Amino acid sequence: MADKILMKGNEAIAEAAIIAGCRHYFGYPITPQTEIAAYMAKKMPKIGGTFLQAESEIAAINMVYGVASAGKRVMTSSSSPGVSLKGEGLSYLAGSDLPSLIVNVQRGGPGLGGIQPSQSDYFQSTRGGGHGDYHMIVLAPASVQEMAELTVKGFELADTYRMTAMILADGTMGQMMEPVSLDIEVKPEIDKPWATTGTKMAREHNIVNSLSLVPEELEDLNFKRYDRYKIIEENETMYEEYMVDDADIVIAAFGIAARVSKNAVDEARKLGIKVGLIRPITLWPFPKAPFKKAAEHAKAFISVELNMGQMIEDVQLAIESKCPVTLCNRAGGMIPDPAQVLNSIKEVNGGVQ
Amino acid sequence: MAVVFDRPHALIDVPLHYCPGCTHGIVHRLVAEVIDELGIEGKTIGIAPVGCSVMAYNYFNCDMIEAAHGRAPAVATGVKRADPDNHIVFTYQGDGDLASIGMAETVHAAARNENITVIFINNAIYGMTGGQMAPTSLVGQVTQTSPYGRDPKACGYPIKVCEMLSELVGPEYLERVTVNNVKNIRNAKKAIKKAFQNQIDGKGFSLIEVVSSCPTNWGMTPKQALDWIESDMLPYYPLGVYKDRSAQKEAE
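These protein sequences, in sequence, are chains A and B.
The first sequence begins at 1 in my numbering and counts up one residue at a time.
The second sequence begins at 1 in my numbering and counts up one residue at a time.
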């Protein structure tokens with residue numbers, strides 16, 4: 001087994017990006033993700049890469065757009081209010097079918113909100129974040145190890161499907177330290193014949209563009225993009241199941257909420273309550289299949305979230321409202337503890353019996 | 001028979017969508033001629049703005065990127081940094097794009113002395129959306145959104161981009177030119193060529209402001225528009241070199 005080192009989640013993302021071959025990082029300082037920028041500022045100049053502190057989040061995402069146009073792996077990171085500013089760029093990246101990796105280490109909102117952990121950008125991330133019809137691949141790590149692994153995976157998915165992959169973490173994931181193995185396999189990068197790297201007078205000019213003034217053509221582009229999304233839904237959905245097979249009650253939780261919930265599941269099992277956990281790792285595409293399957297035997301679902309109830313809507317859709325879904329949540333930077341989740345399980349269990 | 005005048009290779013042989021009398025066509029041609037003469041078409045990547053020249057990506061033969069409104073200097077920064085030794089990058093932007101919504105990107109690319117070339121078309125109006133007041137519209141200028149003339153009490157004064165950027169330590173080269181007659185067109189080409197040469201030489205940020213006409217939205221004939229450049233635009237936007245760091249250094 002490879003050696004493990006103790007790292008902060010934010011640093012693990014930064015190092016994994018370098019491992020994945022990313023040599024261009026653009027960012028703007030915002031808590032609680034600034035360690036990523038600081039790490040890149042230190043490392044990139046030593047390995048021939050680019051670290052640039054942009055004048056704004058808007059500039060940073062457009063610098064990402066530039067490097068992505070030129071066919072190279074590129075990333076930016078931010079936290080909730082900053083990601084809102086990047087919304088314009090995210091939409092343009094989608095409209096131009098450009099690959100990129102965006103990290104959102106979420107904090108409580110809305111507005112300037114706070115700096116404590118949150119999952120309140122679930123809607124924003126899974127529904128695209130900017131204007132127009134599009135999706136991003138949204139990856140939700142629940143450990144520092146996953147912060148690293150999903151970063152590499154994110155670059156690969158982004159290149160394969162020519163779209164943005166987002167790491168949707170939260171302040172806890174960004175700030176906590178855990179042992180992590182950086183022995184991560186990286187697949188060879190694929191060719192990008194569409195990139196604007198100069199024609200070298202050897203081919204027709206390439207154009208990176210999201211403008212399409214003929215509605216029939218723009219419709220066609222949208223349909224084709226969604227055909228691609230369908231392939232992603234079929235092939236790239238990721239989730240973890242824990243004690244779901246015989247569960248009467250199934251918890252849905254991602255990121256830090258899933259770790260808290262796992263403790264509560266263990267406690268509830270000791271009390272003889274049959275509880276399981278489905279942890280979506282891809283929030284888009286949402287893992288509908290395991291939820292639908294669990295709904296065949298489960299009597300109730302609980303969505304544990306660090307927000308006012310956002311993923312709960314996807315759970316309801318996935319189980320086609322076959323049974324009730326209860327929300328167990330904290331918001332504004334607060335995290336539910338295992339006792340709160342256990343209480344929620346007990347209450348639901350009372351109803352189930 | 002020897003060919004003495006031809007279309008530049010860097011300009012694709014398609015009809016331009018610009019209005020009659022618009023000077024975008026002239027500036028496109030000048031940029032393309034310079035690209036040809038410097039032999040850089042194969043490594044050049046152009047960034048089109050949002051505005052009348054949004055579809056410039058269909059006209060230049062080099063690789064092209066269409067950027068979000070005002071963000072061209074940031075996109076250019078990314079493209080340049082992706083492969084600084086092998087990419088020649090230019091942006092082509094109008095006044096709304098460069099001096100209003102994209103002012104931050106403009107100022108900071110200049111402050112960083114980003115090694116890119118910026119072609120800035122100042123025609124004192126938003127053309128594509130039908131003639132609204134621009135950050136460079138003159139005091140008293142009648143537009144769709146200043147129907148009684150630009151009133152400085154309500155909307156301030158037009159921004160002199162070259163003068164403003166010249167206060168920064170960063171930028172390598174800033175020059176204002178115009179294309180309202182043959183002499184000025186020749187000067188404009190010289191400036192544009194210098195702006196590209198500076199990038200090739202690794203000198204950094206060069207911006208050429210081209211005072212241009214918009215007969216359609218100015219409500220003038222093409223001839224009247226060119227005359228209005230001379231009579232009204234140039235007194236407020238004087239032509240000339242506003243910064244030339246290399247020349248300054250040599251002089252010192």
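I should point out that these hints are in silico values taken from the structure, not numbers from a laboratory.
None of the values given here were measured: they were computed from a predicted structure.
All C-beta atoms, glycine included, are put in the ideal place defined by N, C-alpha and C.
Heads up, a few of these hints could be off.
[What the hints assert, rightly or not] One-sided and incomplete, this derived list gives chain A residues near chain B with beta-carbon spacing under 10 Å: (1) A60; (2) V67; (3) Q116; (4) S143; (5) L211.
Tested hints:
| no. | hint | result |
| --- | --- | --- |
| 1 | A60 | holds, 8 Å |
| 2 | V67 | holds, 4 Å |
| 3 | Q116 | violated, 30 Å |
| 4 | S143 | violated, 32 Å |
| 5 | L211 | holds, 6 Å |
When each numbered hint is compared with the structure, violations occur for hints 3 and 4.
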